[in-house]
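Protein chains in written order, with the working numbering: chain A, 1 to 307; chain B, 1001 to 1252.
Bear in mind the hints are in silico, worked out from the structure with no lab data behind them.
Fair warning: there could be bad hints in the mix.
Said to hold, decoys possible - Pairs of lysine-lysine, DSS-like flavour, derived with a Cα cap of 27 Å:
| no. | chain 1 | residue 1 | chain 2 | residue 2 |
| --- | --- | --- | --- | --- |
| 1 | B | 1066 | A | 181 |
| 2 | B | 1093 | A | 181 |
| 3 | B | 1008 | B | 1060 |
| 4 | B | 1093 | B | 1066 |
| 5 | B | 1060 | A | 181 |
| 6 | B | 1008 | B | 1093 |
| 7 | B | 1072 | A | 181 |
| 8 | B | 1060 | B | 1111 |
| 9 | B | 1093 | B | 1117 |
| 10 | B | 1093 | B | 1058 |
| 11 | B | 1093 | B | 1072 |
| 12 | B | 1111 | B | 1093 |
| 13 | B | 1115 | A | 181 |
| 14 | B | 1111 | B | 1066 |
| 15 | B | 1093 | B | 1060 |
What the hints assert, rightly or not - Covered stretches of chain A, going by a simulated chain B footprint (3 or more residues, C-beta under 8 Å):
| no. | stretch |
| --- | --- |
| 16 | 33 to 43 |
| 17 | 178 to 187 |
Backbone N, C-alpha and C fix where the C-beta goes; we use that ideal spot for every residue, glycine too.
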Amino acid sequence: MRRILLLSALVGILLLPMVGNNYVIRLTTIMMLYCVLALSWNFIGGLTGYPSFATAAFFGLGAYTGAICQGQGIPMYLAWILGALMAAVFATGLGLAILRLRGHYFAIASLVVADVLREVVNSATKLTGGGMGFNLPVLKMGVDAQAKLFYYLMFILAILTVGSAAYVNRHRLGFGLRCIKQNEDGANMIGINATIYKTIAFTLSAVFVGWAGAFYASWVNYIEPGDVFDILFSVKPIIMVLLGRAGTISGPIIGAVVFLFMEELVWRNFLTFHAGVLGLIVVALIFYLPEGVLALNFRHLLIWRKN
Amino acid sequence: MGPILQLKGVSRQFGGLLALNDVSFDMQPGEIVGLIGPNGAGKTTLVNTVTAVYSLTKGKIFFEGKRIDGMKPHEISRMGIARTFQIVQPFPKMTVLENVAAGALFAGGAKTLAKAKEQAMEHLRFVRLADFAQSLASALTLADRKRLELAKSLAMNPRLLLLDEVNAGLSNVEINRALELIRSLVERGITILLIEHLMKVVLALCSRVIVLHHGQLIAEGMSSEVVRDPRVVEAYLGSRFTKRQQKGKGYA
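Okay, chain A solo, but in the shape it has when bound (with noise of 0.2 Å):
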């Protein structure tokens, strides 16, 4: 049944280009922007437990990354995978700064990552064009086929960050990273090499959001560092995290999912309100929904309803 139903959505989505329009694409394509965001953060905030606000350093620093490569005449499909390295590298080396931290004080460590990256990138003024924002080589093709061809990277990027999910899900490294979670001296003392699987998880965490970044550079075909480094960027995955389920791969999917879908819904009908009542619906969920949608038991809800 569960497999039925992966099949069929899998094929939907291969298949939609072909049919939607414009919208529907984009739509699509952001959703699956979404979900390799969501499931990256789901690496170091889900599974290892360290509330990271980081996602938003890397995004930006993949996206610049691209542009400044592409910039500079390398291969636009070379310069996606800089992207996704340089947030790699640059991940590793924070994390073995920034996770001796733990809970709050590993949160607000990270916080402030994308802000000094942003004040970087706008006085850095001749690499990267500053607060002027940078403008990319644009695509010798038409709008349609641009559109469908950022669909289907984005699509395969998703599916790359799905299959890493469930590889560490399944491996020894996941066990590792739930065992630090509940524990962490107490998995320093099985044996667990609790800096380096850390450092890992964070560099999991970065590695798919610098490619998406590099993507998104290439998709719109201008950057500015407010836009990029979008704190938004941080907060949006650990909001689709926790409306799903932390710690599961269907999880962050389907809170990817749903978060698109509500913030699409309240955007269109509340133009002058929209974050305000995202904002509510937010606090709503949390409050009445902590531990995710995954969490429902749809038969009692069923049989609840019947009396």
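With chain A's structure known, arrange chain B on it following the hints.
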């Protein structure tokens, strides 16, 4: 073969407090040594320095001839030293089986998770927790959690096991079961350092006893001799214990 564990002039200072003061002793392979002393004497600190939870202020520690002070906790546990905690440290949201499998996987040399679970099941049978394999660790009673802790340590295939008050908070029946369990560990060839407040347990199990007081080693020797040592009586056991000993009851 030389000593399995060797402490040479080990000191540990916390601010102005000298928790361990120039402690030296050896443990021979296959031995079961009792570590006793009043509250705050430094017994748990000693275990924490051996397992690298705390660094040393002074001194050296050798395990099977290799110097281990300065190593990281995960390295020490992979070398073959396991411990239990006075305050149990399970992974609460994992099953009992997974808890033990973690020890087998990360320190016990199990290659895959499936293998680790297989080994874990054996250890659970050994400590008689097999029936609870699939329950959450947080659902166990204190006595069961202590046995879980023991199974987890065993899964790490240790050659040296440091047991930090495994019997504290247990009923008499439970203690007798624990005694049997510890005896069968010695039969497996595991060297044990036993921190214990119950003299009944110490006298029943340990051939040799080490006594700590204010961070200093004040006596060391055969259990029967050490309990008669006047310094030990004054610092820890009390004169009532000695009187009862003389009456032949042998209980503290």
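Which numbered conditions among the earlier hints are violated in the structure presented, ordered from lowest to highest? 1, 4, 5, 6, 8, 10, 15 and 16
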